[in-house]
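The sequence shown begins at 677 in my numbering and counts up one residue at a time.
Hints listed in this document are in silico derivations from the structure and should not be mistaken for laboratory results.
Beta carbons: idealized from backbone N, C-alpha and C, even for Gly.
Among the hints, a few may not be true.
Stated by the list, open to error - Derived CB-CB ranges, DEER-like: (1) Thr728 with Thr755: 50 to 58 angstroms; (2) Val695 with Glu811: 23 to 31 angstroms; (3) Thr712 with Asp735: 17 to 25 angstroms; (4) Leu808 with Lys738: 15 to 23 angstroms; (5) Leu808 with Pro786: 27 to 35 angstroms; (6) Leu730 with Asn757: 24 to 32 angstroms; (7) Ser793 with Gln763: 29 to 37 angstroms; (8) Asp758 with Gly708: 15 to 23 angstroms; (9) Asp802 with Asp689: 18 to 26 angstroms.
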Amino acid sequence: EKLFYYRWANNFDVLFNGVLLNYLSNSEAFLGGVVTASSSLIPAYTLEGEITNLHIYNDKEKNKSYAELSIKVNLLGYTPNDSIQFQLFYTNVYHKRVMRETSDPTTIAPAVNKAVSEICSEMLTDITDAILKREKITN
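With these hints in hand, go ahead and build the complete structure from the sequences.
Pasting the structure below:
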(Lines of atoms letter the chains of each structure in order from A and count residues from 1; the text may use other names and numbers.)
(Lines give C-alpha, C1' and ligand atoms only; values in the text may rest on other atoms or scores of the structure.)
Protein backbone atom coordinates (compact mmCIF):
# COMPACT_ATOMS: atom_id res chain seq x y z
CA GLU A 1 0.00 0.00 0.00
CA LYS A 2 1.46 3.36 -1.00
CA LEU A 3 1.10 6.20 1.46
CA PHE A 4 1.68 9.82 0.62
CA TYR A 5 2.87 11.61 3.70
CA TYR A 6 0.93 14.87 3.50
CA ARG A 7 2.29 16.55 6.61
CA TRP A 8 5.65 17.54 5.18
CA ALA A 9 5.50 21.14 4.07
CA ASN A 10 7.96 20.70 1.22
CA ASN A 11 9.75 18.08 -0.86
CA PHE A 12 11.95 15.86 1.27
CA ASP A 13 15.20 16.93 -0.40
CA VAL A 14 14.49 20.58 0.46
CA LEU A 15 13.65 19.65 4.05
CA PHE A 16 16.77 17.48 4.41
CA ASN A 17 18.97 20.24 3.00
CA GLY A 18 17.61 22.69 5.58
CA VAL A 19 18.13 20.26 8.45
CA LEU A 20 21.68 19.47 7.34
CA LEU A 21 22.61 23.15 6.92
CA ASN A 22 21.24 23.87 10.40
CA TYR A 23 23.06 20.90 11.88
CA LEU A 24 26.40 21.83 10.31
CA SER A 25 26.01 25.51 11.25
CA ASN A 26 25.07 24.76 14.85
CA SER A 27 28.05 22.42 15.22
CA GLU A 28 30.41 25.40 14.85
CA ALA A 29 32.91 22.98 13.30
CA PHE A 30 33.56 25.19 10.29
CA LEU A 31 35.54 28.40 10.64
CA GLY A 32 33.60 31.13 8.84
CA GLY A 33 30.36 29.17 9.02
CA VAL A 34 28.27 27.24 6.53
CA VAL A 35 26.66 28.85 3.49
CA THR A 36 24.17 27.72 0.86
CA ALA A 37 25.01 27.26 -2.80
CA SER A 38 23.26 30.54 -3.62
CA SER A 39 25.52 32.55 -1.29
CA SER A 40 27.83 35.19 -2.72
CA LEU A 41 30.58 34.00 -0.36
CA ILE A 42 33.21 31.67 -1.79
CA PRO A 43 33.44 28.54 0.36
CA ALA A 44 36.62 26.60 1.03
CA TYR A 45 34.69 23.34 0.63
CA THR A 46 31.59 22.26 -1.25
CA LEU A 47 29.35 19.45 -0.09
CA GLU A 48 27.19 17.82 -2.75
CA GLY A 49 24.56 15.27 -1.87
CA GLU A 50 21.97 13.04 -3.42
CA ILE A 51 19.13 11.20 -1.73
CA THR A 52 19.40 7.77 -3.31
CA ASN A 53 16.65 6.10 -1.30
CA LEU A 54 13.75 7.07 0.93
CA HIS A 55 11.64 4.00 1.51
CA ILE A 56 8.81 3.49 3.96
CA TYR A 57 7.86 -0.14 4.48
CA ASN A 58 4.65 -1.18 6.20
CA ASP A 59 3.99 -4.62 7.64
CA LYS A 60 0.99 -5.83 9.60
CA GLU A 61 3.28 -7.54 12.12
CA LYS A 62 4.56 -5.41 14.98
CA ASN A 63 8.17 -4.17 14.71
CA LYS A 64 8.51 -5.14 11.03
CA SER A 65 7.68 -1.73 9.55
CA TYR A 66 10.55 0.65 8.91
CA ALA A 67 11.78 3.85 7.33
CA GLU A 68 14.95 3.64 5.28
CA LEU A 69 17.10 6.50 4.02
CA SER A 70 20.27 6.51 1.91
CA ILE A 71 22.26 9.58 0.98
CA LYS A 72 25.40 9.86 -1.15
CA VAL A 73 27.71 12.80 -0.42
CA ASN A 74 30.77 14.21 -2.12
CA LEU A 75 33.05 16.73 -0.46
CA LEU A 76 35.13 18.92 -2.73
CA GLY A 77 37.88 21.36 -1.87
CA TYR A 78 40.22 23.60 -3.79
CA THR A 79 43.18 21.88 -5.35
CA PRO A 80 46.25 22.65 -3.20
CA ASN A 81 47.95 25.85 -4.42
CA ASP A 82 45.08 26.55 -6.84
CA SER A 83 42.11 28.71 -5.90
CA ILE A 84 40.16 27.93 -9.07
CA GLN A 85 39.92 24.14 -9.41
CA PHE A 86 37.91 21.96 -7.04
CA GLN A 87 38.80 18.33 -6.48
CA LEU A 88 36.83 15.52 -4.91
CA PHE A 89 38.52 14.25 -1.76
CA TYR A 90 35.77 12.49 0.16
CA THR A 91 32.73 10.49 -0.86
CA ASN A 92 30.45 8.20 1.11
CA VAL A 93 27.00 6.66 1.11
CA TYR A 94 25.08 6.88 4.37
CA HIS A 95 22.33 4.37 4.98
CA LYS A 96 19.97 4.14 7.94
CA ARG A 97 17.01 1.88 8.57
CA VAL A 98 14.84 2.81 11.54
CA MET A 99 12.27 0.31 12.76
CA ARG A 100 8.75 1.53 13.48
CA GLU A 101 6.57 -0.07 16.16
CA THR A 102 3.53 -0.21 13.90
CA SER A 103 2.58 0.51 10.31
CA ASP A 104 0.56 3.52 11.45
CA PRO A 105 1.40 6.55 9.25
CA THR A 106 2.02 8.68 12.35
CA THR A 107 5.21 6.67 12.98
CA ILE A 108 6.73 7.65 9.61
CA ALA A 109 7.90 11.19 10.41
CA PRO A 110 9.59 10.28 13.74
CA ALA A 111 11.39 7.34 12.10
CA VAL A 112 12.58 9.42 9.14
CA ASN A 113 13.61 12.20 11.54
CA LYS A 114 15.70 9.72 13.54
CA ALA A 115 17.38 8.46 10.35
CA VAL A 116 18.14 12.04 9.26
CA SER A 117 19.56 12.90 12.68
CA GLU A 118 21.82 9.84 12.75
CA ILE A 119 23.05 10.49 9.21
CA CYS A 120 23.77 14.17 9.96
CA SER A 121 25.74 13.23 13.07
CA GLU A 122 27.78 10.58 11.28
CA MET A 123 28.32 12.87 8.29
CA LEU A 124 29.63 15.73 10.45
CA THR A 125 32.20 13.45 12.08
CA ASP A 126 33.32 12.00 8.75
CA ILE A 127 33.51 15.38 7.00
CA THR A 128 35.56 17.03 9.74
CA ASP A 129 37.89 13.99 9.84
CA ALA A 130 38.31 14.12 6.04
CA ILE A 131 39.09 17.86 6.13
CA LEU A 132 41.63 17.45 8.95
CA LYS A 133 43.29 14.55 7.12
CA ARG A 134 43.41 16.53 3.87
CA GLU A 135 44.86 19.62 5.57
CA LYS A 136 47.56 17.50 7.22
CA ILE A 137 48.57 16.10 3.85
CA THR A 138 48.61 19.47 2.06
CA ASN A 139 50.50 21.36 4.80
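Handout entry: Satisfaction of the hinted span 15 to 23 angstroms by the C-beta atoms belonging to Leu808 and Lys738
Key = This hint is violated: roughly 44 angstroms between Cβ atoms.
Practice task
Kindly confirm whether 50 to 58 angstroms is satisfied by the beta carbon distance between Thr728 and Thr755.
Solution key: The hint (50 to 58 angstroms, Cβ to Cβ) is violated, given that Thr728 and Thr755 are roughly 27 angstroms apart.
Handout entry: Outcome for the supplied range 15 to 23 angstroms, where the beta carbon pair is Asp758 and Gly708
Key = holds, 20 angstroms
Handout entry: Asn757 and Leu730 - C-beta distance against the hinted 24 to 32 angstroms
Key = The hint (24 to 32 angstroms, Cβ to Cβ) is violated, given that Leu730 and Asn757 are roughly 40 angstroms apart.
Handout entry: Outcome for the supplied range 17 to 25 angstroms, where the beta carbon pair is Thr712 and Asp735
Key = violated, 39 angstroms
Problem - Whether the CB-CB distance between Val695 and Glu811 falls inside 23 to 31 angstroms - result: Holds: the Cβ-Cβ distance is about 27 angstroms, inside 23 to 31 angstroms.
Exercise for the section: Go ahead and decide if the range 29 to 37 angstroms is satisfied by the Cβ distance of Ser793 to Gln763. Expected result: The hint (29 to 37 angstroms, Cβ to Cβ) holds, given that Ser793 and Gln763 are roughly 30 angstroms apart.
Exercise for the section: Could you see if the CB distance from Leu808 to Pro786 stays within 27 to 35 angstroms? Expected result: With a Cβ separation near 34 angstroms, Leu808 and Pro786 satisfy 27 to 35 angstroms, so the hint holds.
Exercise for the section: Indicate whether the distance between the beta carbons of Asp802 and Asp689 respects the range 18 to 26 angstroms. Expected result: holds, 20 angstroms
Hint compliance for this structure: hints 1, 3, 4, 6 are broken, all remaining hints hold.
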